[in-house]
Every structure is written in structure tokens, then in C-alpha cells.
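**Q** Sequence:
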Amino acid sequence: MTVRVRFAPSPTGRLHVGNIRTGLINWLFARAQGGQFVLRIDDTDLERSTLEYEQGIETDLAWLGMAWDEKYSQSARFPLYREAMERLKAAGRLYACYETGEELDRRRKVQLSRGQPPVYDRAALKLTDAERATLEAEGRRPHWRFRLEGKRVKWDDLARGACEVDTASMSDPVLIREDGAFLYTLPSVVDDIDMAITHVIRGEDHVTNTGAQIEIFEALGARAPQFAHTTLLVGADGEGLSKRLGSLSIMELREGGYEPLAIVSHLARIGTSDPLEPGESIEALAAAFTFGKMARHPGRYDPADLSRLNSAVLHAMSYAEAQPRLAELGADLGEAFWLAIRANLGPFAGVSNWSRVVNGAIEPLIAEEDRATVAAAKDLLPAMIDGDTWSRWTTAVKEQTGAKGRGLFMPLRRALTGLDHGPEMAMLLPLIGREKAVRRLSGETA
RNA sequence: GCGCCCUUCGUCUAUCGGUUAGGACCCCAGAUUUUCAAUCUGGUAAGAGGGGUUCGACUCCCCUAGGGCGUACCA
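For what it's worth, our numbering labels the leading residue of the first sequence as 3, then goes sequentially.
No wet-lab data here; the hints were simulated from the structure. Some hints here could point you the wrong way.
[To be verified] Okay, derived cross-link-like pairs now, PhoX-like style, lysine-lysine, Cα gap no bigger than 20 Å in a straight line:
id, residue 1, residue 2
1, K438, K380
2, K380, K406
3, K73, K91
4, K91, K128
[To be verified] Label-pair restraints from in silico Cβ distances:
id, residue 1, residue 2, range
5, E138, G67, 44 to 54 Å
6, P81, Q325, 42 to 52 Å
7, E285, P349, 36 to 46 Å
8, V121, S320, 24 to 34 Å
9, L137, A290, 25 to 35 Å
10, E437, G332, 19 to 29 Å
11, M429, A297, 39 to 49 Å
12, A297, R124, 33 to 43 Å
13, K295, Q402, 15 to 25 Å
14, A238, E138, 16 to 26 Å
15, T292, P349, 39 to 49 Å
Backbone N, C-alpha and C define an ideal beta-carbon position, used for all residues, glycine too.
All chains should be built: construct the whole structure from the sequences, respecting the hints.
**A** In C-alpha cells, the structure reads:
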């Protein structure tokens with residue numbers, strides 16, 4: 003049987019590292035198994051869902067290299083959900099409830115204060131037809147709950163091993179809201195059946211839901227798919243990530259200059275036994291993917307790791323790959339330039355700084371005590387500059403001035419680049435060229 | 001409150017009853033016939049606490065502490 007997985011984001015906001023990680027794990031698993039990856043837009047909440055966000059999801063996935071095989075929108079599938087709803091009603095598994103949100107809230111608090119579990123008491127199940135009619139006559143609209151069997155639901159989880167949820171200890175889940183809107187649970191199960199999803203891979207915050215959902219699969223006469231519940235991410239400080247997801251959207255990471263391969267490598271390897279290194283490609287990451295490598299405790303999301311990965315990705319990037327982007331930034335100064343500076347890049351856009359060092363006008367940094375050394379160096383600069391010039395030139399400067407080591411190289415670097423650090427000067431000097439070098443060594447902005 | 005999951009170098013992790021407890025990041029040192037970065041090599045460093053079980057426990061069991069998640073007319 004072909005493996006089919008789905009990723010079902012809501013178009014109520016931008017994708018962030020937490021939910022894209024779930025999507026990525028689905029994608030990697032599908033690829034590793036030669037299966038299919040279904041994108042399912044969970045837009046059942048018509049109020050909050052927007053087309054812009056839906057397009058944002060597609061933009062982000064495409065940018066990360068996560069192609070999908072099929073795409074569905076749940077808003078176009080309401081007839082299917084209604085049909086399932088009728089079947090559940092007919093089977094006596096869906097019952098009408100008339101409590102208000104405030105009432106339920108109050109009851110939960112009372113239960114809690116008495117040390118009882120905050121579970122729905124099924125009062126609505128005891129309503130007589132007459133009572134129901136009275137409530138309806140008052141204009142009350144029902145919401146609908148799924149009647150759980152109250153048993154130990156078991157499954158073999160790909161990520162956590164043998165799992166068990168006692169549905170007797172949980173509230174009957176509300177499937178349909180008072181305003182008639184389908185809550186996530188029913189459409190999800192109906193679609194998983196209809197789309198022949200074989201593996202549901204999601205965060206461990208869904209473990210309890212799975213108990214109820216397996217009952218719904220069964221109530222609809224379907225076999226539940228396999229499940230895998232992965233750990234969630236926590237921040238570098240060990241706190242949950244949810245509080246500051248705003249700054250961790252894929253869109254912002256893209257705008258911040260992070261490489262898709264760095265993001266994908268980071269998210270694929272957090273909380274696994276693989277070292278936090280970039281993969282060669284997203285496909286290579288997929289080939290190496292297995293649930294067996296995943297730890298059972300929350301993975302730490304540290305932005306510093308992403309930055310490191312990002313630098314590593316750029317360091318390994320060929321000129322052929324970088325060229326179009328260099329051109330776009332007006333910083334395509336040839337292969338030698340790219341090879342010289344790529345190891346010194348944070349975000350890719352940092353090439354602009356180096357192209358200015360080579361091509362633009364920079365202000366040399368010449369400290370008072372280094373003036374003599376720099377002046378002598380200027381006079382000794384050969385007429386022709388090539389790849390060997392740096393070594394011969396600096397040796398000559400050393401012999402004449404007696405400056406050596408740090409005291410020799412730093413003044414030259416600072417005068418020629420205006421910076422304290424950067425790529426190998428032997429590679430940079432020929433790119434800067436004689437004319438600019440002479441002027442900078444004279445203290446001119448050039 | 002209750003339920004589920006988790007707890008190994010500073011950090012991310014390997015180990016599945018017998019290991020000099022392994023790797024990666026960070027850090028430190030050395031190399032790159034003299035600079036910062038990059039690169040390479042080497043090094044420091046660990047089993048939350050307490051009870052069991054066992055010839056033997058990081059590994060199995062219990063308790064305590066700590067963390068994550070759930071307990072919605074959210075997803």
C-alpha cells in the first residue's frame with residue numbers, strides 16, 4: 003500500500019517553525035517511503051481563514067522545497083462532513099447539547115475545585131424529547147458531541163511505541179458548534195478516510211485526541227491509520243515555543259536571509275541523534291529520516307544553531323548555485339570572489355558588504371601607530387598584482403619595517419578593507435586591485 | 001487536581017544489564033613556514049536525588065524533584 007501522509011495547516015496565520023516541522027516530518031517520511039504528501043488546507047473556520055494566508059502557506063512550502071502531490075481545501079468538502087454527521091447521528095453516536103460556553107466553563111471550575119476531573123457529565127444525554135423541544139422553542143441551537151465508548155483505545159505509535167488512552171476519562175468531544183461549524187476533529191477524520199491517508203504524523207499535543215479520533219474512525223466504519231506523535235519544540239531556554247512564535251515564522255526567516263536548506267536541516271535534526279549539520283539537500287534529509295532517531299523529550303529550538311547551519315550551507319554553496327543570486331544583488335564579481343568570501347557570510351545578503359570592499363568605496367582604518375607601516379607597504383606594492391603578490395609583498399614590508407605577525411597583518415587588513423576580520427587577504431587583494439589598494443593605503447576613501 | 005510522556009558532558013544526543021559511557025555544538029590548545037574569520041588536528045567535560053531488583057544498573061521497578069503536553073463550542 004502506498005504511504006500517504008497529509009499536512010493540514012489552517013490559513014489563519016503564517017507558517018511558523020513549530021507547524022512547519024510537523025509538515026516537514028510528514029514530507030520526509032513520505033519521501034523516505036516513496037509515498038505521497040497531501041496538502042490539506044484546514045479552512046473550515048471561514049471567519050478566520052484568508053486567501054492571503056493560504057497563498058502564504060504555499061509560498062513557504064514551495065520555498066522550502068516541500069512539493070505536495072495533492073492539495074485540497076476543506077471548505078470545499080462540507081457535503082462530505084454533513085454526510086458523516088448524519089451517519090453518526092443515525093448510529094446514535096452524535097447527540098445534541100444545549101449548555102452555553104459559560105455554563106460549561108463554570109461546571110469545569112466547580113469540578114476542579116472539588117478535586118474532580120473536569121469531564122463533561124453527559125447531562126444532555128438525559129434530556130427528554132419534550133425538554134429538547136422546549137429549548138429549541140426558546141431559540142437555543144444545539145452543539146453536537148460524539149459519544150465516546152469509554153474504553154482503553156490502543157495503538158502502536160511509530161514515534162512513541164505502544165500507546166493507550168482511556169476515553170472514559172475524557173469529555174465527549176464537540177464535533178459541531180452551535181453555529182453549525184465543523185470543528186477540526188470530524189473533517190480531519192472524514193478526510194483521512196476519504197483521502198486514504200495511511201499515516202497521521204503530528205505533534206504529541208494530539209495524543210489524547212487520537213484516542214477519541216480512533217473511536218470516530220471506527221464509528222464511521224473505517225480502519226484508523228497509523229499514528230506517529232512527535233515531540234514538540236521548546237525554546238533555547240527550555241520554555242515552550244508557543245509564546246513567541248510570531249518571530250519564528252518562515253516568512254520572517256526568509257526575510258532574515260536564512261537559506262531554506264538551513265531551516266529544513268535544522269528542523270529535521272532537532273531532537274534527533276543526527277548531528278546538527280546541514281544535509282546535502284532536502285532529499286538527502288529524507289533518505290536519512292527514520293522515527294527511530296527521534297528523542298522522546300522536547301527538542302530545543304536555538305536560533306544560534308540555525309545561524310551556524312546557515313553559514314555552513316553558504317560555505318558549501320558552489321558558484322554556479324550562488325551566481326544568479328549574486329547577480330540579483332548586483333554583487334556577481336566572479337567565481338574567485340565568491341570562493342573567497344562565502345565562508346565569511348552570515349546571511350547571503352552579506353555579500354553586499356564584501357562586494358563593497360572589493361568594488362565600492364570604503365573608508366580605510368589606519369591607526370596612528372600603524373601609519374609608518376602602512377605608508378611603507380604602499381611604496382612596496384608591486385606594479386602587477388596576482389595570486390602570489392600578498393605573500394611576497396608582506397614579506398618585503400616585514401623586512402623593511404620589522405613589523406610581523408598580528409602587527410603586520412592587521413594594519414594592512416584594516417587599511418585595505420576597513421574591517422577587523424574577513425576572508426583570506428591573499429585572495430582579496432587581487433580582487434581589490436592595485437589602484438584601490440594604493441589609495442586606501444594612502445588613507446583615501448576608495 | 002488528574003492523565004500521558006520525558007530527565008546522560010555547558011548544549012543536542014548515542015548506549016537498550018557487563019563499554020576506558022561514544023559523537024556533534026560550544027569552549028580550550030595546536031596546525032595552517034607571521035593576522036581575524038574560515039579550515040584541519042587534539043583536549044576538557046556527563047547518567048537529577050533517594051530507595052529497591054540483580055553477581056553486576058545509565059539501562060528494570062518504586063518514590064521525590066524538575067520539564068513538556070493534554071484535560072476547549074482551539075487546532
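**Q** Hints first: check each against the structure and report whether it holds.
**A** Each hint tested on the structure:
1. A C-alpha spacing of about 11 Å is found between K438 and K380, which places the hinted pair at or below 20 Å, so the restraint holds.
2. For a cut-off of 20 Å, the pair hint linking K380 to K406 stands: about 16 Å separates their Cα positions.
3. The hinted pair formed by K73 and K91 fails the criterion: a straight-line CA distance of about 29 Å is larger than 20 Å.
4. Note on K91 and K128: the hinted pairing holds, with a Cα-Cα distance of about 16 Å set against a maximum of 20 Å.
5. Here the CB-CB span from E138 to G67 is close to 53 Å, well matched to the stated 44 to 54 Å.
6. Separated by about 51 Å at the C-beta atoms, P81 and Q325 satisfy the suggested range of 42 to 52 Å.
7. Look at E285 against P349: about 24 Å separates their beta carbons, and that is not inside 36 to 46 Å.
8. Restraint check, V121 to S320: a C-beta distance of roughly 60 Å breaks the suggested window 24 to 34 Å.
9. At about 58 Å, the CB distance of L137 to A290 disagrees with the hint of 25 to 35 Å.
10. In this structure the hint that E437 and G332 lie 19 to 29 Å apart at CB holds, the actual value being about 21 Å.
11. At about 42 Å, the CB distance of M429 to A297 agrees with the hint of 39 to 49 Å.
12. Hint check: A297 to R124, Cβ distance near 39 Å, so the stated range 33 to 43 Å holds.
13. For the hinted restraint 15 to 25 Å between K295 and Q402, the CB-CB distance of approximately 59 Å leaves it violated.
14. In this structure the supplied range 16 to 26 Å is violated for A238 paired with E138, their Cβ-Cβ distance being about 54 Å.
15. With their beta carbons about 32 Å apart, T292 and P349 fall outside the hinted range of 39 to 49 Å.
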